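From first to last, the protein sequence lines are chains A and B. Numbering-wise (our numbering), the first sequence opens with residue 1 and increments by one. Numbering-wise (our numbering), the second sequence opens with residue 1 and increments by one.
It should be emphasised that the hints constitute simulated quantities derived from the structure, not laboratory data. Here the structure is a predicted model, which is why all the values come from computation and not from measurement. Where is the CB? At the ideal position from N, CA and C, for every residue including glycine. Check each hint, because a few of them may be wrong.
Derived Cβ-Cβ restraints for the label pairs, each shown as a range [what the hints assert, rightly or not]: (1) B/Asp2 <-> A/Ala43: 48 to 58 Å; (2) B/Ala139 <-> A/Ala43: 22 to 32 Å; (3) B/Asp108 <-> A/Ala16: 48 to 58 Å.
Short, incomplete list of chain A residues facing chain B, as computed with Cβ under 8 Å [claimed, not checked]: (4) Phe8; (5) Ala10; (6) Arg12; (7) Ala50; (8) Gly51; (9) Arg55; (10) Asp61; (11) His66; (12) Asn67; (13) Pro81; (14) Pro82.
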Amino acid sequence: MKTSIVLFGALREADASGAVELDVPAGSTMAELRELLVAHLAAQAPQVSAGLVRRCAFATDEEILHNHRKVPAGVALAVLPPVSGG
Amino acid sequence: MDGLHVAVVERRVATLDVALALDFVADPRFGGIASFIGRVRDHNVGRSVTSISYDLFVPLALNQFRAIAERALAEVGAPLKLWIAHAKGDLAIGDLAVVVAAGTPHRDEAFRACRLAIEAVKHESPIWKQEHYIDGDSAWSEGCSLCEDDRQFTHAHSHAAHGHDR
Numbered sequence: 001m002k003t004s005i006v007l008f009g010a011l012r013e014a015d016a017s018g019a020v021e022l023d024v025p026a027g028s029t030m031a032e033l034r035e036l037l038v039a040h041l042a043a044q045a046p047q048v049s050a051g052l053v054r055r056c057a058f059a060t061d062e063e064i065l066h067n068h069r070k071v072p073a074g075v076a077l078a079v080l081p082p083v084s085g086g
Numbered sequence: 001m002d003g004l005h006v007a008v009v010e011r012r013v014a015t016l017d018v019a020l021a022l023d024f025v026a027d028p029r030f031g032g033i034a035s036f037i038g039r040v041r042d043h044n045v046g047r048s049v050t051s052i053s054y055d056l057f058v059p060l061a062l063n064q065f066r067a068i069a070e071r072a073l074a075e076v077g078a079p080l081k082l083w084i085a086h087a088k089g090d091l092a093i094g095d096l097a098v099v100v101a102a103g104t105p106h107r108d109e110a111f112r113a114c115r116l117a118i119e120a121v122k123h124e125s126p127i128w129k130q131e132h133y134i135d136g137d138s139a140w141s142e143g144c145s146l147c148e149d150d151r152q153f154t155h156a157h158s159h160a161a162h163g164h165d166r
């Protein structure tokens, strides 16, 4: 299934459109999604460090989805680099 | 939670308003009001900063602010009014980046609620700071991972160990 992932912070530089779309096998976990994103960016945006992507979390508009959670179908996700508010 | 105001304010539209925050958390029951004001400073880690930009994932940030407020209410165990507002966009030196205000019956509860809220805003909310330096370079702050494995690792260590603001 196609999953759209909106980019924030340092990851905005990975794609000028502000988002990437990945083909994600049904039943994948967030941890597996992270590795798909690492591979996608390694090919499409080699300036982005894999270490940074591995420190990112994923979220919907409402909550952070931790590693064991399944990738929800038909929901746009956001990828959250380490945060630095305040 | 009643008595809660959360906001993300686009800098082009408005600045954060401390007086409004203090008014909002005032209440005849409350003898203690504590506030925290975060402003943009002109240096970081030995580099001269000329301005900063804040990127936020707004719907999740507002949801997190509301969850933080519920935690603060449970933690202080007293009536509480809370204001949490964060700026978004391009900010100049001296601009207000974040305002937290807490009103409670007594000062200890107000200080604790305010401290809990600002720490959670800094360490847990989807907000990213990009610094612009005097030499024309820019960099995103290193920050605090929201990824659970990483959090377990970093929380076993001092926050100072991964080099971000305290």
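(message) The hint names aspartate 61 of chain A as touching chain B; please verify it with the least Cβ-Cβ distance against 8 Å.
(response) holds, 4 Å
(request) Using 8 Å as the Cβ threshold, decide whether asparagine 67 of chain A counts as touching chain B. (result) holds, 6 Å
(message) 48 to 58 Å was suggested as the range; check whether the CB atoms of aspartate 108 of chain B and alanine 16 of chain A agree with it.
(response) holds, 50 Å
(message) Under 8 Å is the threshold here; is the Cβ of phenylalanine 8 of chain A close enough to any Cβ of chain B for the hint to stand?
(response) The hint holds - phenylalanine 8 of chain A has a Cβ within 8 Å of chain B, the shortest such distance being about 6 Å.
(request) Classify the hint on alanine 10 of chain A as holds or violated, based on whether any CB of chain B lies nearer than 8 Å to its CB. (result) Holds. Min distance 4 Å.
(request) Report holds or violated for the interface hint on alanine 50 of chain A, using the least CB-CB distance to chain B and a cut-off of 8 Å. (result) Since chain B brings no Cβ nearer than about 14 Å to alanine 50 of chain A, farther than 8 Å, the hint is violated.
(message) Hint validation: histidine 66 of chain A versus chain B, beta carbon distance must be below 8 Å. Holds or violated?
(response) Cβ of histidine 66 of chain A sits 5 Å from chain B, so the hint holds.
(request) Hold the hint about proline 81 of chain A up to the distance rule: shortest CB distance to chain B must be less than 8 Å. (result) With Cβ-Cβ at 6 Å, under 8 Å, it holds.
(request) Mind checking the hinted window 22 to 32 Å against the Cβ distance between alanine 139 of chain B and alanine 43 of chain A? (result) holds, 25 Å
(request) Could you check if arginine 12 of chain A really has its C-beta closer than 8 Å to a C-beta on chain B? (result) The hint holds - arginine 12 of chain A has a Cβ within 8 Å of chain B, the shortest such distance being about 7 Å.
(request) Using 8 Å as the Cβ threshold, decide whether arginine 55 of chain A counts as touching chain B. (result) holds, 4 Å
(request) With 48 to 58 Å as the target window, see if aspartate 2 of chain B and alanine 43 of chain A comply at their CB atoms. (result) Once the Cβ atoms are compared, 51 Å apart, the range 48 to 58 Å for alanine 43 of chain A and aspartate 2 of chain B holds.
Hints 7 and 8, counting from the list given before, are not met by this structure.
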